[in-house]
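Protein chains in written order, with the working numbering: chain A, 1 to 286; chain B, 1 to 252.
Since the hints were derived computationally from the structure, they do not count as laboratory data. Misleading hints may appear alongside valid ones.
Just the calculated beta-carbon pair ranges, DEER-fashion [claimed, not checked]:
hint, chain 1, residue 1, chain 2, residue 2, range
1, A, L114, B, R141, 55 to 61 angstroms
2, A, S21, B, G41, 42 to 48 angstroms
3, B, L207, A, S21, 41 to 47 angstroms
4, A, P167, B, N25, 54 to 60 angstroms
Here are the computed lysine to aspartate or glutamate pairs in the EDC-like style, where the Cα-Cα straight-line distance is at most 16 angstroms [claimed, not checked]:
hint, chain 1, residue 1, chain 2, residue 2
5, B, K248, B, E236
6, A, K102, B, E240
7, B, K87, B, E72
8, B, K94, A, E172
9, B, K116, A, E183
10, A, K103, B, E72
Only a predicted model underlies this, so the values are computations on that prediction, with no experimental measurement involved. Virtual Cβ for every residue (Gly too), placed ideally from N, Cα, C.
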Amino acid sequence: MMRRIFKIIEERFFYGLMLASTAFLVALLLFIVLIILYKGLPSLSWEMVSQTPKGGYYFGREGGLLNAIIGSLYLATGAVVIGLFISLPLSLAMNVYFRNNKKLVNAIRFVLDLLWGIPSIVYGAFGFTIMIYLGIKTSLLAGIITVSIFILPIMVRAMDEIMKQVPLTLLESAFSLGSTNTEVAFKVVARQCFPGIVTGVLLAFGRGIGDVAAVLFTTGYTDNIPTSLMDQTATLPLAVFFQLGSPIPEVQSRAYAAALILTVIILLISVVTRFLSRRYYKTSIK
Amino acid sequence: MNQPIISIKNLNLYFGKQHVLKNVNIEIPQNKVTVILGPSGCGKTSLLKTMNRLVDLHENVKISGQVFLDNEDILKDNVDITRIRKKMGLLSQKPSPLPMTIFNNVAYGMRINGIKRKRKLRPLVQKHLIEANLWDEVKDRMNDPASRLSIGQQQRLCLARGLAVNPEIILADEPTSALDPLSSTIIEKQFVELKRDYTIVLVTHVLRQARRIADYIVFMYLGEVIEQGPANEFFENPREEKTKAYLKGAFN
Numbered sequence: 001m002m003r004r005i006f007k008i009i010e011e012r013f014f015y016g017l018m019l020a021s022t023a024f025l026v027a028l029l030l031f032i033v034l035i036i037l038y039k040g041l042p043s044l045s046w047e048m049v050s051q052t053p054k055g056g057y058y059f060g061r062e063g064g065l066l067n068a069i070i071g072s073l074y075l076a077t078g079a080v081v082i083g084l085f086i087s088l089p090l091s092l093a094m095n096v097y098f099r100n101n102k103k104l105v106n107a108i109r110f111v112l113d114l115l116w117g118i119p120s121i122v123y124g125a126f127g128f129t130i131m132i133y134l135g136i137k138t139s140l141l142a143g144i145i146t147v148s149i150f151i152l153p154i155m156v157r158a159m160d161e162i163m164k165q166v167p168l169t170l171l172e173s174a175f176s177l178g179s180t181n182t183e184v185a186f187k188v189v190a191r192q193c194f195p196g197i198v199t200g201v202l203l204a205f206g207r208g209i210g211d212v213a214a215v216l217f218t219t220g221y222t223d224n225i226p227t228s229l230m231d232q233t234a235t236l237p238l239a240v241f242f243q244l245g246s247p248i249p250e251v252q253s254r255a256y257a258a259a260l261i262l263t264v265i266i267l268l269i270s271v272v273t274r275f276l277s278r279r280y281y282k283t284s285i286k
Numbered sequence: 001m002n003q004p005i006i007s008i009k010n011l012n013l014y015f016g017k018q019h020v021l022k023n024v025n026i027e028i029p030q031n032k033v034t035v036i037l038g039p040s041g042c043g044k045t046s047l048l049k050t051m052n053r054l055v056d057l058h059e060n061v062k063i064s065g066q067v068f069l070d071n072e073d074i075l076k077d078n079v080d081i082t083r084i085r086k087k088m089g090l091l092s093q094k095p096s097p098l099p100m101t102i103f104n105n106v107a108y109g110m111r112i113n114g115i116k117r118k119r120k121l122r123p124l125v126q127k128h129l130i131e132a133n134l135w136d137e138v139k140d141r142m143n144d145p146a147s148r149l150s151i152g153q154q155q156r157l158c159l160a161r162g163l164a165v166n167p168e169i170i171l172a173d174e175p176t177s178a179l180d181p182l183s184s185t186i187i188e189k190q191f192v193e194l195k196r197d198y199t200i201v202l203v204t205h206v207l208r209q210a211r212r213i214a215d216y217i218v219f220m221y222l223g224e225v226i227e228q229g230p231a232n233e234f235f236e237n238p239r240e241e242k243t244k245a246y247l248k249g250a251f252n
């Protein structure tokens, strides 16, 4: 009898604990979104997303954030494109070419996990050192390179985790038809894992576009929209960082608007990711 | 017996320390259904996968001995394994179509062999789907993903896909074990039909299936070949004690 009562109490307790944790998390998300909306929404206007700042981003009361929006999109897109050219072949190599060399593959995974754990400010400092060494000034290019290094481990490991799941029978049937490693990698594994690759790319895009530390020393900051890779560029996270500290309320509200726009971009990316991966899941073999 | 298409000499296979195939010597006749028979875990599948060197995909594999296909030892290091594999189509226990449309599944093998034009591919895809007895069911849905087919249809699609690389041999690893009785019968009938043009090597642990379609039997137990010979001799006059026991249902 006591045992039974104890079981019931135990059930209720953990059920309650789970409910409370879930509620806490949802409330936290809502709270963040509400704060950003409350602070950012009033200052969000057509000018904000269609104009560059007038009279300097730190003191100018007029103008908007177009420089940072475009800069961020350039930066994240460039970094993801570079990242894709390295991460896709690498993850395919780990799961097709070297699949029998478990020691090598595990060593690569270990290195990637270490890289993943390094804080982005370290990448920023690293990028800065490389720039000085190569004699490149702060620029969009330097930012793209730094961010691409920073998101590379994320992309590779995201794709790798999906490719690990490819059933051996699928590999066997592809090889049994006389495919080479390259054909299996690009025609079968890459296609089977397409949803995972898209997810990896968008995840990395989200991380890249939202990070401030990697670009703090490398992109510079400017009121203008970059027209070449060697131009300095503004980004949304930097716009938050620099403008929130301004004593001028109009400039501060621009920071909140930047935070809002950044959040919306990232939310959009997650929604698109989910939609795409569900769509392409159909042709994958379960 | 006519000239064997595959002959295996002193084959030993290890997965790590596990001795999976023990000094296997067999000959597989051309244009016949050869059934590799034996209880589960006796090394049948490993033997089959050695014939097209799919065992290469596993870790810690050690092989010694020789496997001659058309008088060429395919276990040698300098053999172009993709060319060898194109001589054999494989059907696995669970059908595993490629993650693409029905059409592209069959066309895949021809594309990697250099036939790229849709106009050339289309009649060939149709021909092989007819050979695999699937054409009537899929002709109106060639662009559907292969994963939408039923399991029985998927297995026949895999057969068509295998036939499309123009193999000499069809290797089948318990191809009906995941199928319903009707689909199994279709596949079995298809094998008997196909042996005019192909050599078929079928792995099974279903004795009745072996009785129905085998011309030649290789009986294995715990990694060793116990007995091999023409099917009627094997079933009517088994020589070995273990074979007799197996045929009576002593172990399965």
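- Hinted pair K87/B and E72/B, Cα distance within 16 angstroms: With a Cα-Cα distance of about 12 angstroms, the restraint between K87/B and E72/B holds, given a limit of 16 angstroms.
- Item | Restraint status (C-alpha distance of K94/B to E172/A at most 16 angstroms) | 12 angstroms, holds
- Straight-line Cα separation of K103/A and E72/B no greater than 16 angstroms? The hint is violated at about 33 angstroms.
- Hint check for N25/B and P167/A - Cβ pair distance inside 54 to 60 angstroms: 33 angstroms, violated
- Does the structure keep K248/B and E236/B at a Cα separation of 16 angstroms or less? Given pair K248/B, E236/B holds - Cα atoms ~12 angstroms apart, limit 16 angstroms.
- Does the Cβ pair L114/A, R141/B satisfy 55 to 61 angstroms? 48 angstroms, violated
- Message: Just to be sure I understand the hint, the distance between the Cβ atoms of L207/B and S21/A should be within 41 to 47 angstroms; is that true here?
- Response: Given a distance of about 57 angstroms, which is not inside 41 to 47 angstroms, the answer is violated.
- Query: So the hint says 42 to 48 angstroms: do the beta-carbon atoms of S21/A and G41/B match that?
  - Reply: 46 angstroms, holds
- Message: Can you confirm whether the C-alpha distance between K116/B and E183/A stays at or below 16 angstroms?
- Response: Satisfied, since the Cα-Cα distance of roughly 14 angstroms is no more than 16 angstroms.
- Message: For a C-alpha distance cap of 16 angstroms, please report whether K102/A and E240/B respect it.
- Response: Violated: K102/A and E240/B sit about 43 angstroms apart, past 16 angstroms.
Checked against the numbered hints given earlier, this structure breaks hints 1, 3, 4, 6, 10; the rest are met.
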